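Peer 1: The chain contents come next:
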Amino acid sequence: MTLTSNAPAAPIEVHDLTVAYHHRPVLWDVDAAFPESQLIAVVGPNGAGKSTLIKAIMGLVPLASGEVRVFGKPVNETRRLVAYVPQRESVDWDFPTTALDVVLMGRYGHLSLFGRPRKRDREIARQSLEKVGMQDFAHRQISQLSGGQQQRVFLARALAQQTKVYLMDEPFAGVDAATEKAIVVLLQELRAEGSTVVVVHHDLQSVPEYFDSVMLLNLRLVAFGDVASTFTPENLHKTYGGRLNLLTEVGEKLRRQEWNARQ
Amino acid sequence: MSDGIWIIVIGALVAGSCALVGCFLVLRRQALMGDAISHAVLPGIVIAFLITHSRNTLPMMMGAGALGLFTAFLTSALERHGRLQADASLGVTFTWLFALGVILVSAFTGHVDLDAECVLYGEIEYAPLYRAFWGEFDLGPRAFWILLAVAVANTLFVTLGYKQLKLCAFDPGLAAAVGINAALWHYLLMAFVSITTVGAFESVGAILVVALLIVPPNTAYLLTDRLWAMLALSAVLGALSSVGGYLLASALDSSTSAAIAVVSGLFFILAALFSPTHGAVPRYVRRRRLIARTQAFAE
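Just so you know, the sequences run in chain order A and B.
Per our numbering, the first sequence runs over residues 1 to 263.
Per our numbering, the second sequence runs over residues 1001 to 1299.
The shape of chain B in the complex, shown without the other chains:
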């Protein structure tokens, strides 16, 4: 397969994985939790790297998962005991952890291949260069297999935990009342967001992963009134953003990850304008028609 196809497939897996967990962040009004976690996992990744001296994905994911959970925990602890607002406690937590990560990167890993540029913007263009091997046999890009695993894990998580995730997002009170452990599912979701973030890290970086967590789910939210449809649609929109983003980046010879985020933003604008139910234009047309009809009736 050509590198272009691999880039598109990898981008689609990143975007799809992000969209599935992103839907629940958006519905729980915790969209910026994705932002926070994607930054706060940095020290976890660096510590894992310092311990193992390799860019092996599994330890990095474990490090990131631990920091992601720590972020979620610290945020709610500050909110509860530090008398801070939710957004303030989030802001304090993740900027501090990210800054800690930046110091760790610059102080201890300056001489190796873990540079700040890659961490921030990702290098999806180079993803096809790092191959996975089965003995002598070339299995394709390493990133593909990592992100396929993340995508499968996220799909299993939202399918098997569908009713718990749904109820905890819609009515945590009833969830607790019928014996669903809302805190457990909150931290499970945060763990999956962290793992997804690390999986996406090398490809799209810490900043653009936020776009993929938040934008496709919000676009889908404008297009449907059913949760399962929102999940499916956001994953598809994410994948389409990857295709569109690759084509845009090739045409302009620009950063692919940024182009993917830009295309997903364009989808959002289209949905905000033209969604049959929530779009601004159809709403305007309906209102005009209603006014015209009432006037005709009055005459």
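This is chain A alone, in the form it adopts within the complex:
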């Protein structure tokens, strides 16, 4: 299939994407185009392939079939256009390095083979730390930061990449309410600047509040679209199967919202 429309290419498109580990598929035939300037949640049960989808878009896992395009180009040509916030547990926080240094790593993609970060890179790193309110911790060793602070350092690192597309793997995991609010404000600022932010998200309750679009994933793509029309109890049932407790709760909440809207 070739794309020959004149419309500007979507920030991220995946076509017929299948990923398998040890011959067991973890993502099956996912087809989606992520809209520009939106906050997009990816939700689904554990093992649904949410993180794998993010990694596949980043080119970090081999694809069994299908393709990923970023602004219409294969991801190898556009790596610098995508910023990546991995799960916090994916790195060793006892590593001998400081918060500022971790943020500076976001600039490595802009440096030449043997190039060192320059003054401008340091300036960008410092500004990114300021945006997440971590400037006072710049020279702290990273193990001395709390979980929420570590998460904010990771966000600052993504900001330092200065891109238009952000992929975040559970940025709200293990952060306190105040940090969560601060992160949401930051995401909204990114959207206002025209960035597209894709977030793997676990807390179903806050999906309607935080996000514009939602992707419901469980091995296959269940539904993808704006929150109002897609984040329905029926679709959630299809995604999560029989785990009713949680779903009734969310469904209840949604019904109440609808009710309030009608009033």
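If you're looking for bench data, these hints aren't it; they were derived computationally from the structure.
None of the values given here were measured: they were computed from a predicted structure.
Treat the hints with care, as some may be off.
Cβ pair distances, simulated, as ranges [said to hold, decoys possible]: (1) A:120 - B:1288: 19 to 25 Å; (2) A:65 - B:1274: 42 to 48 Å; (3) B:1247 - A:123: 32 to 38 Å; (4) A:123 - B:1296: 43 to 49 Å; (5) A:143 - B:1290: 14 to 20 Å; (6) A:65 - B:1100: 36 to 42 Å; (7) B:1138 - A:62: 54 to 60 Å; (8) B:1290 - A:147: 18 to 24 Å; (9) A:139 - B:1296: 30 to 36 Å; (10) B:1290 - A:181: 29 to 35 Å; (11) A:174 - B:1297: 47 to 53 Å; (12) A:147 - B:1100: 45 to 51 Å; (13) A:147 - B:1080: 29 to 35 Å; (14) B:1293 - A:120: 56 to 62 Å.
C-beta atoms are modelled at their ideal positions from N, C-alpha and C, and glycine is treated no differently.
We have chain A already, so just place chain B on it with the hints.
Peer 2: Below, chain B without anything else, positioned relative to chain A:
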């Protein structure tokens, strides 16, 4: 220069070279990869020896480098396709290759000067005896020049590849995401570990080289929170171990390479006890003070 000074200098170059690459092994939680490679290179060295019929260093380093890379490759292949745990696949790979090397040594090189004792424990005491010549001019011990080259190569490697090595050690995901070839840097590191191991081989042997790869970097890790400082400090600690080890060995009339490893271990114990940030004693004192202060506050 006296032989004693040469031994100290050679020991310092070995220890410093080992420390630089060892830091990245330790940070990547692959400390035992050094152990594995230092043993697994043995067949490479013997094959190089059998082909060239000389103890010339360059072919030996090439043989060792090839086997080192093969070890790294086989280990990850077993882990990925053989459904083995990382430590198990490492254990299978290097013991097998080392045993293969031992058979090659005993079967084909029994009549020449490549004995198992030297391979295992090294003979740094004899290092000053083998000289390098420029025409008629005596340039000093051969081992000095070989290890100087290794030390320079390792220094260049960790300085020029600093950001790649750092990012691959800290966050391989981001490294790949920004277009750094994590696999390439992994195998480059393994190649440098292999070359370092061979350089260190004649001086400290296959077993004690592991101590120099792992112990000074871990000591430095306890003393600083900065990667560049950890690299510098571990190299300095390695060199100091060489000085201390030589003095200890002279005093006890014992093996110098073992004494170097023992002294580096003593540095580690001192750091584990008294490091201002991570040491057990300062931590204990801080906790007592905190308790005393809270009690005073409560009263």
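Peer 1: None of the hints should be skipped; say for each whether it holds.
Peer 2: How the hints compare with the structure:
One distance hint, 19 to 25 Å for the beta-carbon pair residue 120 of chain A and residue 1288 of chain B, is violated here, with the actual separation near 47 Å. Distance hint check: the CB atoms of residue 65 of chain A and residue 1274 of chain B are about 58 Å apart, inconsistent with the given range 42 to 48 Å. Between residue 1247 of chain B and residue 123 of chain A the Cβ separation comes to about 50 Å, which falls outside the hinted range of 32 to 38 Å. Residue 123 of chain A and residue 1296 of chain B have their C-beta atoms about 46 Å apart, which keeps the hinted 43 to 49 Å range intact.
For the pair residue 143 of chain A and residue 1290 of chain B, the beta carbons lie near 19 Å from each other, so the given range of 14 to 20 Å is met. For the hinted restraint 36 to 42 Å between residue 65 of chain A and residue 1100 of chain B, the CB-CB distance of approximately 41 Å keeps it satisfied. Evaluation of the 54 to 60 Å hint for residue 1138 of chain B and residue 62 of chain A yields a pass: the beta carbon distance comes to about 57 Å. Hint check: residue 1290 of chain B to residue 147 of chain A, Cβ distance near 22 Å, so the stated range 18 to 24 Å holds.
Hint check: residue 139 of chain A to residue 1296 of chain B, Cβ distance near 31 Å, so the stated range 30 to 36 Å holds. Here the CB-CB span from residue 1290 of chain B to residue 181 of chain A is close to 32 Å, well matched to the stated 29 to 35 Å. A C-beta distance of roughly 31 Å is found between residue 174 of chain A and residue 1297 of chain B, which places it outside the suggested range of 47 to 53 Å. Separated by about 48 Å at the C-beta atoms, residue 147 of chain A and residue 1100 of chain B satisfy the suggested range of 45 to 51 Å.
About 32 Å separates the C-beta atoms of residue 147 of chain A and residue 1080 of chain B, a value consistent with the hinted range of 29 to 35 Å. For the pair residue 1293 of chain B and residue 120 of chain A, the supplied restraint of 56 to 62 Å is violated, since their beta-carbon distance comes to about 45 Å.
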